[in-house]
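K.L.:
If you're matching them up, the sequences are chains A and B in order.
Heads up: the first sequence at position 7 corresponds to 358 in our numbering, and the numbers run straight through without jumps.
Heads up: the second sequence at position 180 corresponds to 231 in our numbering, and the numbers run straight through without jumps.
There may be inaccurate statements among the hints.
As the list claims (entries may be wrong) - Each pair of labels, with its calculated beta carbon distance range:
id, chain 1, residue 1, chain 2, residue 2, range
1, A, Thr-530, B, Gln-120, 29 to 35 Å
2, A, Thr-360, B, Ala-85, 48 to 54 Å
3, B, Ser-86, A, Arg-368, 18 to 24 Å
4, B, Arg-55, A, Leu-361, 52 to 58 Å
To be verified - If you want the ones that stay clear, here's a sample from chain B, every Cβ over 12 Å from chain A, calculated:
id, residue
5, Gly-71
6, Ser-83
7, Leu-99
8, Asp-106
9, Val-123
10, Phe-124
11, Ala-129
12, Ala-153
13, Thr-161
14, Val-185
15, Thr-198
16, Leu-201
17, Gly-211
18, Ser-213
No wet-lab data here; the hints were simulated from the structure.
Bear in mind the structure is a predicted one, so any value in this text is a computation, not a measurement.
Every residue gets a Cβ at the ideal spot worked out from N, C-alpha and C, and that includes glycine.
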Amino acid sequence: MPNPDELATLPDADVVRLAQQGRELAFRELVRRYERPVFSLVFRMVRDRELAEDLSQDAFVKVLNHIDRYSPEFKFSSWLFKIANNVAIDHLRRRRIDTISMHGSPHASTASEIEASALNLEDEQESALDELESKELGSAIERAIARLRPEYRACIMLRHVEGRSYEEIAATLDLPLGTVKTYIHRARHELRKALEPLRE
Amino acid sequence: MQDRHLRPDEIELLLDGEEGFGVAPLRAHVRSCASCHAELEEARALLLALDTLPDFAPSVGFADRVMSQVQVFEPWHAAALTTARQFVPATRPARIAAGLAAAVGSGLLTAGATWAVARADIGFLLAQVGLDRVREQAGAAASDVATTVLGQPGLDAMLGGSAGMTAAAVGGFVAVVGMGVVGLRALATSSRRAR
Numbered sequence: 352m353p354n355p356d357e358l359a360t361l362p363d364a365d366v367v368r369l370a371q372q373g374r375e376l377a378f379r380e381l382v383r384r385y386e387r388p389v390f391s392l393v394f395r396m397v398r399d400r401e402l403a404e405d406l407s408q409d410a411f412v413k414v415l416n417h418i419d420r421y422s423p424e425f426k427f428s429s430w431l432f433k434i435a436n437n438v439a440i441d442h443l444r445r446r447r448i449d450t451i452s453m454h455g456s457p458h459a460s461t462a463s464e465i466e467a468s469a470l471n472l473e474d475e476q477e478s479a480l481d482e483l484e485s486k487e488l489g490s491a492i493e494r495a496i497a498r499l500r501p502e503y504r505a506c507i508m509l510r511h512v513e514g515r516s517y518e519e520i521a522a523t524l525d526l527p528l529g530t531v532k533t534y535i536h537r538a539r540h541e542l543r544k545a546l547e548p549l550r551e
Numbered sequence: 052m053q054d055r056h057l058r059p060d061e062i063e064l065l066l067d068g069e070e071g072f073g074v075a076p077l078r079a080h081v082r083s084c085a086s087c088h089a090e091l092e093e094a095r096a097l098l099l100a101l102d103t104l105p106d107f108a109p110s111v112g113f114a115d116r117v118m119s120q121v122q123v124f125e126p127w128h129a130a131a132l133t134t135a136r137q138f139v140p141a142t143r144p145a146r147i148a149a150g151l152a153a154a155v156g157s158g159l160l161t162a163g164a165t166w167a168v169a170r171a172d173i174g175f176l177l178a179q180v181g182l183d184r185v186r187e188q189a190g191a192a193a194s195d196v197a198t199t200v201l202g203q204p205g206l207d208a209m210l211g212g213s214a215g216m217t218a219a220a221v222g223g224f225v226a227v228v229g230m231g232v233v234g235l236r237a238l239a240t241s242s243r244r245a246r
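Bound conformation, chain B alone (with noise of 0.2 Å):
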């Protein structure tokens, strides 16, 4: 090692700090050789002007520019997060008072369904009962339009009639309101056209 100077690579090695067999003697050689050392000495010199060298600045509003270029999206989760967050309250009593009323109101929530779902045969009777009044009273309203439009014989005649007069009479009496309401229109069509 005595024989020779350092190569650039054996120059880059020690520059690096590289540990090592090899670089021993190389450390050794440097200190005995003038050349080397000086040599050593500027490429450490470099490599503190390289480590100092400046950050250059981009021109004011740069980030403003990059930013007119980029969409900004907000995922639907973190979208629901903060519609959430806002309802949350601000102070911490608030909080710890809503955190109570939500306990209060899950528990009587649960205790309700609970309680629905072990009475359920007494809550279909009661719909049954409900849908049964639903259906008199629907039968009972169809019935007076009838008797109102149709007269009693003539709903008598269609209860008590064949399949074939029921539909008879029902085509006449859809007839005759289609009949109604197109002589009302032409009338209110000449009423315009007489203005």
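Pulled out of the complex, with its shape left as it was, chain A reads as follows (with noise of 0.2 Å):
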């Protein structure tokens, strides 16, 4: 059994390969590996430090008890990356928080409802980013990626902060990979019109 700086410089494949044979240390070393992009992601997904805590442990202890099915076919990160964003996105469906701020509520019947129902949504996201921009998420880039839509936001996240190509994105994501395009394309254009006032 190689002790913790030999699986430091082991490839994913070959950690895996010691997890699945019970060896803790090889557990601990991909926990070590992918704590910080895990957490990143979900950080960003749902803008809560706590619950991004909670949300990636979830993730990560799925993964690990399961870790006798991983297919070595597959890259271990995007299968652990899918595991996270899956467990994001179905507390942000749960929640249903960033839906309703952008579109209004989807129970409004008239448009000054929906209106109304984005205008006080949209306060309260406004109240939560300012709190959050006086902490970890200060810039204006991450003000505006937190108004994302949360496909578009891990579509990014993944693509840019954890270089992944299109092709991993889409099999990580479950996605078409002219569907990541788009999501990806969209989203920088997004962003960079919310980002149009600051040039100028």
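From the two separate chains plus the hints, produce the assembled complex.
P.N.:
Next up, the structure:
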């Protein structure tokens, strides 16, 4: 069994194989490698540190408790990001806060009701963003990312923060390649529009 | 291409570094249009900003909290391999010596097994003689016990008599032994009660 220093030099596939043989150090090495990227992805998705920790922990526990089901034909990190993203998206769907804040309440029947509900929630979102701005997600670009649709946000994070290819993102999020490209292009366009006032 | 500015999707094509027939006119337009050139540069600056966004770290003890919920399960084949590895010497000379010893031991075992197979008839004969000896000894011991319990005349009568008589003798013997056991237990119980 390699020691922790040797484990750190092994590729993911070898560390996963050791984990499948029941080596606790290998499990810890996988957590060490991916705790920051997974936490960053989930944190930017849900924008709440404590919640992001809980959801990231859920994602790791799900993956590591089913490590025997991992198929080596896929990248381990893609599998892990897929679970983490699903956990975050499931949470957001339960809360539905982002959908409502962007498009107004789904129960609103008139244009004025939609506008009113969207504005109210936008205010709440703004205050949450103000709070975040004073903490970690301080920059304008983080604020703009926070306003993207969750699907766009996940794609942008995986593409630019994690440096994944379009194909990897498509595999990770179970989306067609064309959809991933469209999401990323639209997200970047929205980000440019959101940051436009800062340039003027 | 010179009559209009680039659309957002065309900007994205250039940002992704797409190559192809349709991209050349877009590039040519950017070279000649200051507005589109500026827009493309701003888009590139955004990509750079996105690419350099930092990772966030979870709080200290995150890994421990995860591991407290992970069930580390060692499959039987991995456990067997670990156990077997414990018997492998650590140093190279010791491993060579152990390998030689294992080779010699397995060679001797193979030779012994080959010899035993080749001499199977002798083995059968020896086994037969051994079994006969055991049977004779067991018969003699049983006869001694019967003589002690029944006496020689009783044993002769049992051996010489009919099957019914043999059964009556054995039944009588069992009854006497049974009554003896019951009597001894009653005696022991009354003794305990008295105490």
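K.L.:
Test the statement that Thr-161(B) is away from the interface with chain A: the closest C-beta pair must be farther apart than 12 Å.
P.N.:
The claim holds: Thr-161(B) sits with its nearest Cβ about 33 Å from chain A, beyond 12 Å.
K.L.:
Are all beta-carbon distances from Leu-99(B) to chain A longer than 12 Å?
P.N.:
violated, 10 Å
K.L.:
Closest CB-CB distance from Phe-124(B) to chain A, is it above 12 Å?
P.N.:
violated, 5 Å
K.L.:
Are Thr-530(A) and Gln-120(B) spaced within 29 to 35 Å by their CB atoms?
P.N.:
holds, 34 Å
K.L.:
Is the nearest Cβ of chain A still more than 12 Å from the Cβ of Gly-71(B)?
P.N.:
Its Cβ never comes within 12 Å of chain A, the nearest being 14 Å, so this holds.
K.L.:
Does the claim that Thr-198(B) lies off the interface hold, with its Cβ farther than 12 Å from every Cβ of chain A?
P.N.:
Thr-198(B) is indeed farther than 12 Å from all Cβ atoms of chain A, at 66 Å.
K.L.:
Please check whether Thr-360(A) and Ala-85(B) have a Cβ separation lying inside 48 to 54 Å.
P.N.:
holds, 50 Å
K.L.:
Does Ser-83(B) really sit off the interface, with its C-beta more than 12 Å from all C-beta atoms of chain A?
P.N.:
At roughly 22 Å from the nearest Cβ of chain A, Ser-83(B) sits farther out than 12 Å, so the non-interface label holds.
K.L.:
Regarding the assertion that Ala-153(B) does not contact chain A, is the least Cβ-Cβ distance greater than 12 Å?
P.N.:
holds, 24 Å
K.L.:
Minimum C-beta separation from Gly-211(B) to chain A exceeding 12 Å: can you confirm that?
P.N.:
Holds, since 73 Å exceeds 12 Å.
K.L.:
Please verify that the nearest CB of chain A lies beyond 12 Å from Asp-106(B)'s CB.
P.N.:
violated, 4 Å
K.L.:
Using Cβ atoms and 12 Å as the threshold, tell me whether Ser-213(B) really stays out of contact range of chain A.
P.N.:
holds, 72 Å
Of the numbered hints listed earlier, those contradicted by the structure are 3, 7, 8, 9, 10, 11.
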